[in-house]
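Input sequences plus hints: build the corresponding full structure.
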Amino acid sequence: MSTDQQWDIVSGIGITALAVAAARAVETSRPDPLIQDPYAARFVEEARPPVPLPTTAAEAEATGVQHYWSDTSTYIAVRTGAFDDFFQDAAAAGITQAVVLASGLDARAFRLQWPTGTVVHEIDQPLVLDFKLRVLREQGAAASCEHRPVGVDLRDDWATALEAAGFDRARPTAWLAEGLLPYLPPEAEEGLFQEIHRLSAPGSRFAVETFGNTWAAARGKEAVQGSVRTLGVDITELIHTDERTKPADRLADLGWQTRSVPAEETAAAHGRPLSEEFAKREAVHVFARLP
0 MSTDQQWDIV SGIGITALAV AAARAVETSR PDPLIQDPYA ARFVEEARPP
50 VPLPTTAAEA EATGVQHYWS DTSTYIAVRT GAFDDFFQDA AAAGITQAVV
100 LASGLDARAF RLQWPTGTVV HEIDQPLVLD FKLRVLREQG AAASCEHRPV
150 GVDLRDDWAT ALEAAGFDRA RPTAWLAEGL LPYLPPEAEE GLFQEIHRLS
200 APGSRFAVET FGNTWAAARG KEAVQGSVRT LGVDITELIH TDERTKPADR
250 LADLGWQTRS VPAEETAAAH GRPLSEEFAK REAVHVFARL P
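Here numbering that gives the first Met the number 0 is used: the first residue of the sequence shown is 0, the next is one more, and so on.
Listed next, with one range per pair, are the computed distances between beta-carbon atoms:
(1) Pro114 / Asp241: 38 to 44 Å
(2) Gly93 / Gly63: 46 to 52 Å
(3) Ser259 / Ser69: 25 to 31 Å
(4) Glu60 / Pro272: 18 to 24 Å
Read the hints as simulated data drawn from the structure, not as lab findings. Remember, it's a predicted structure, so these values are computed and weren't measured experimentally. Note that beta-carbon positions come from the ideal geometry of N, C-alpha and C, so glycine has one too.
Shown next, in the form of structure tokens:
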């Protein structure tokens, strides 16, 4: 991987992972949070981003873009909870190997309870993983699973690096692609799905976050304005809006059984409806199983 492909937690796509951590921290601070992430605030504080990010609901209210943070933290909480449940359900079904793709500042390996013998692999840029693990060590965080970080770019030969880290393709795996697909061009997404299929034993599961093409084509104007004001980054410079096969269709073509759940439905079920702007994005959480 060439050095110009790398980024840390306060540059490039890394800053979006930091914003997601801020949203999880804001949600955690609420009196009735949908999720609990005790490490999210510390990630933000330790990163010292060029544009200050809130870590509590009170701080979010004082930013001048409180609607952005209210909307974002609600959606991130809904998404995080849905995928927390995905891993817990997979574990209950006897799956003891998990892979988090482009994990960013995800701390599920440390904040969720995993059955004995579970191995959780996290794939991301080396600088991002190094930062995350340093902060977790300083916080005294301990994983209840066997945690194996894999520092590799998904544009490189990540599958070889994953297997070198001890991934066992003979074991059913719970895969997660959360907050990833918008940053991949269609051909890279297709290659990613094919590689996951190649590495998956029968009984494997795959959870994917995806967005409707209508929001992608519009490039989320309000979200763009919010990202520029909040992060100093125009998110449209990072995402790909090309037409592509829907993940559920792509997985079905590969032989996976799929179930698609609109994020709007999940949010409503929790009594935390998404804002009109987020609803326009047509976020869908796809859950797939390989027979």
